[in-house]
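Trainee: In the order they appear, the protein sequences are chains A and B. With UniProt numbering applied, the first sequence corresponds to residues 1 to 298, in that order. With UniProt numbering applied, the second sequence corresponds to residues 1 to 339, in that order.
Do not rely on the hints blindly, as some may be mistaken.
[Stated by the list, open to error] Restraint-style ranges between C-beta atoms, simulated for each label pair:
no.	chain 1	residue 1	chain 2	residue 2	range
1	A	A76	B	S135	43 to 53 Å
2	B	D197	A	M187	23 to 33 Å
3	A	G122	B	L210	46 to 56 Å
4	B	S160	A	S270	34 to 44 Å
5	A	G122	B	A297	16 to 26 Å
6	B	T185	A	V157	56 to 66 Å
7	B	V17	A	D65	57 to 67 Å
To be clear, the hints were calculated from the coordinates, so they are not data collected in a lab. No residue lacks a Cβ here, since even glycine has one placed at the ideal position from N, Cα and C.
Below are the chains, spelled out letter by letter.
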Amino acid sequence: MMAVAAGTNRIDPYLIPALDGVAYGLLVFVAASGLVFCFGVANILNLAHGTLYAIGGYTAAALLDGGWASLALALAVGVLAAAAAGVLLAGLLAPVATGNHLTQALLTFGVALAGGSLLVAGFGPDDPRVQVPAALEGSVVVAGHRYAAYRLVFIVVAAVIAAALYLVMRRTRAGMLVRAAVDDAEMVACLGVSPARIRAGVLAAAGALAGAAGVLGAPIIGPGTDTADTVLLLSLVVVVLGGLGSMAGTLLAALAIGEIQTLGVALLPSAAPFLLFAAMAAVLAVRARGLASRWRAT
Amino acid sequence: MRDEVIRRARGAVAALVLAGLVVAPWVVDDYTTAILARTLALALVGVSVALLTGVAGMPTLGQTAPYAAGAYACVVVGGRISDVGVVQLAVAAGAGAVLAALTVPLVVHARGVIVLMITLAIGELVVTILGRWRSVTGGTDGLAGMPAVRPFWGLPALASDQARYMYTLAVVATLVGAVLLLLRTRAGLLLRAGRDDEARLRASGHRVALHVSGAHIAAGAIAGGAGSLLVVAQQYISPADFGFDTSALLLLGVVIGGTASIGGALVGAALVIAVRDWLFGVLPGHAPLVLGALFVATVYLLPTGVNQARVRLRPSSAAPGHPQSPPARDHAAVPELRA
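Construct all of the structure, not just a fragment, from the sequences and the given hints.
Mentor: Here it is as structure tokens:
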């Protein structure tokens, strides 16, 4: 027993943080993919994106009671509420000239301020506790370590969401339209698809993704007064790191952030606050013009 | 003839405002004087935002980063090395410039909304670092207890709110004057030219990236200097002073004031900050809600309202499209001023 412990000592302490990093990264991916859509398809810098996640988080905190039914209910309510908020946002943005990012940024920030304030007014200023389904409350043994069962299941679910997203973009008409809108919005408008409807649809989809991430991720990045800011920041860093490139780029960037935030803290505790910034700087220095490259939706 | 009248009227208004600011501390109470001093410091950050957003065409949400760097550098210097205001100001401006220089590679090739995004991330990360780097910044508790500042060697320390305010006002007036003069030189013209038609400027042999980098570093220095003024005015700093909401408020102020106008930026930023502080006083708990609604309302009113120069980051004909070609700062992404 002692020999085994000594033999695996070098990797062992970092196994759990690394696994946590995968969970964290996938959560960031699901949350950030909404922002990437918004930006890539509808050309909107949505600073209220973190607030959409917070809606999901607070819904989870309010509805979860330890049963599976409550999880399903919270997921449905959270996704619908955040999607509705996305549609509301599209409505608010409609009178503002398309392509005017400065105005969009200010408008969505105003919505984020007001929305955050309403959430705090509705759910109280204290960070609520989130109760995961009782069946997932325990821990399982992974390579000789105890690991929270919920996180393991979360990794699987988030991976399924990511795969579904890929398939929708690749195989469905909606996905094709979205990709076409990225390449040439005017041409899509000529096909008879209203750009306003695409925009509303994209913001609703982005809201749904953020809402789903908020509900499922509540035990990882829980609802609270800082949540919206944290998620917005992480999503923005994903957009920057992923270089508005591909879905795969977004996924890689999100996983990298997850590992930096968990494995980085375990390996280099004193440098941890700087690691994210350093990683972003490194990526941008290597491919300074990466961000200007065209956005592809798959 | 008409231009001459407008210029004189503008000069008269500026002189009146300055005179009002000079007598203000003897009219209002000490508390308001202290708030005014803080507002002046923030308005100076607004000037640096306007320099980048309106003049250089790089909309920024991250000027709180060099502002914070300047403020914390000033506290470290003030507590350990020198209580002379000019020294602290220089160190703070230097710290802001260094931070801006470090981030130049991140923003110099980006344009438009990408700049907004990157600068926002930089600002947030700086706040995160400030909150975690306890040994130097005191973490989220902030730093206080700095010895009183003396403006110059041999002068008495600033002991009253009035004195601190006058010092802040003098520094802000000097720096804004310097910026205005600088913008009238060739450097200012080139900066504006790069914003309006980069391809043409580049074709005539100018190095646009160099101008943009210079403007970024200069704006960083101004914001850093403003950080030292915040320390003087507030005598306490914490990461909360440099949050994302401050960046967004300053950008809103600058947009209200007319992004390309330095004087407008000063007034707009001061106005927005004053409204926020007043709202937090009269509506405890509900201020963010009202503030958010004000943001939305202002955005709707803007196109026909107060600002004479609305920055459009991209001509509407290019709308939901994207930078089509890899060259940085392609034509479509250059901001366009519409009268």
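Trainee: All hints are to be evaluated individually against the structure, with a verdict given for each.
Mentor: Checked hints:
no.: 1; hint: A76(A) - S135(B): 43 to 53 Å; in the structure: holds, 47 Å
no.: 2; hint: D197(B) - M187(A): 23 to 33 Å; in the structure: holds, 28 Å
no.: 3; hint: G122(A) - L210(B): 46 to 56 Å; in the structure: holds, 51 Å
no.: 4; hint: S160(B) - S270(A): 34 to 44 Å; in the structure: holds, 42 Å
no.: 5; hint: G122(A) - A297(B): 16 to 26 Å; in the structure: holds, 22 Å
no.: 6; hint: T185(B) - V157(A): 56 to 66 Å; in the structure: holds, 60 Å
no.: 7; hint: V17(B) - D65(A): 57 to 67 Å; in the structure: holds, 60 Å
In the structure shown, no violation is registered for any of the earlier numbered hints.
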